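Keeping their order, the protein sequence lines are chains F and H.
Just so we're aligned: the first sequence equals residues 1 to 112 in the numbering used here.
Just so we're aligned: the second sequence equals residues 113 to 261 in the numbering used here.
Hints are computed from structural coordinates only; laboratory data are not their basis.
If you're wondering where the values come from, they're calculated on a predicted model, not measured in any experiment.
No residue lacks a Cβ here, since even glycine has one placed at the ideal position from N, Cα and C.
Treat the hints with care, since some could be wrong.
Partial list, computed: chain H residues near chain F (C-beta under 10 angstroms) [said to hold, decoys possible]:
1) VAL133
2) ASP206
3) ALA214
Derived DEER-like restraints, expressed as beta-carbon distance ranges [stated by the list, open to error]:
4) ASP142/H <-> ARG4/F: 43 to 51 angstroms
5) ALA248/H <-> GLU8/F: 36 to 44 angstroms
6) GLU28/F <-> ASP220/H: 22 to 30 angstroms
7) ALA257/H <-> ILE27/F: 27 to 35 angstroms
8) SER19/F <-> ASP223/H: 25 to 33 angstroms
9) ARG6/F <-> ASP216/H: 32 to 40 angstroms
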Amino acid sequence: MDLRSRSEDSLQVVSVHDSRIDAAVAIEFKEAMRSATDNGNDTVVLDLSEVQFIDSSGLGAIVAAMKQMGQSRKLALAGLTPTVEKVFRLTRMDSVFPVFPTLDGALTELKS
Amino acid sequence: MTRTTFLPAFHISVVSGRFAVRQALAQLLDGLKPLALDVEEAGTVELVMAEALNNIVEHAYPETDTAGHINITCAHQSDGLHLTVVDSGRAMPDGQTPIGTAADVDVDLCDMPEGGFGWFLIKDLAKDVTYQRQEAQNQLRLRLAVALS
């Protein structure tokens, strides 16, 4: 699972450089998110713009990533492609995470 | 758009395992290419079948050393794609598919569900979902209302 992390002012941006977050890699993704976000910034933006497909296991892994960050921190999602957006919408998980259509939009909004 | 021809039925067979679902989905979407599904329709097909196949890999064939076959048949008719998925693994508990109610997400962070979305997605997006256990095989049938005439 190829995750790349960088800082943008007070924000941390974690970009997923894989086209799928599915059952085959869900555990790996969760662990990679743990390493990427441990002792990190309060607000993490997960850039999903390269992810074309997510299944319920991948969704669960993103929820787990948010939970392991703890109550005081925020995980925002950016750049959802159509099928990824569909999964979040149908399961109503789009009401649990702050969701932004683009990474630029997320950064502008969250920096202010 | 009126369709005058239907895609001939086709079969896919994979052996259960970590990447079996990816393999099967790639073959399925490849087989559906002549239908030129839009991104919405293709997403529905991929999502429903991913959930159905993940369940088989996880629950019907839980021991990876006894990985069995998963056979998929896809038939295109005027009311959409008729998909049949057959495996020889463990039966569905209680002999039926889970009801697939939506998980409650209006809860505290620590209680937020990390699973239980699969059957909800299948039943939300697919039509005519039926399950039969016959001759030590699980047979799941469903219809996806895409590529309609």
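Hint check:
The restraint placing VAL133/H at the interface with chain F holds, with a minimum CB-CB distance near 6 angstroms, inside the 10 angstroms limit. The beta carbon of ASP206/H comes no nearer than 21 angstroms to any beta carbon in chain F, farther than 10 angstroms, and the hint placing it at the interface is violated. Because the beta carbon of ALA214/H sits about 7 angstroms from the nearest beta carbon in chain F, less than 10 angstroms, this interface hint is met. Checked against the hint of 43 to 51 angstroms, the pair ASP142/H and ARG4/F fails, with Cβ atoms roughly 30 angstroms apart.
The beta-carbon spacing between ALA248/H and GLU8/F, approximately 56 angstroms, falls outside the hinted interval of 36 to 44 angstroms. In this structure, GLU28/F and ASP220/H meet the distance hint of 22 to 30 angstroms, their C-beta atoms being roughly 27 angstroms apart. Our hint of 27 to 35 angstroms for ALA257/H and ILE27/F holds, since their Cβ atoms are close to 34 angstroms apart. Look at SER19/F against ASP223/H: about 31 angstroms separates their beta carbons, and that is inside 25 to 33 angstroms.
Checked against the given bound of 32 to 40 angstroms, the beta carbons of ARG6/F and ASP216/H, roughly 35 angstroms apart, stay inside it.
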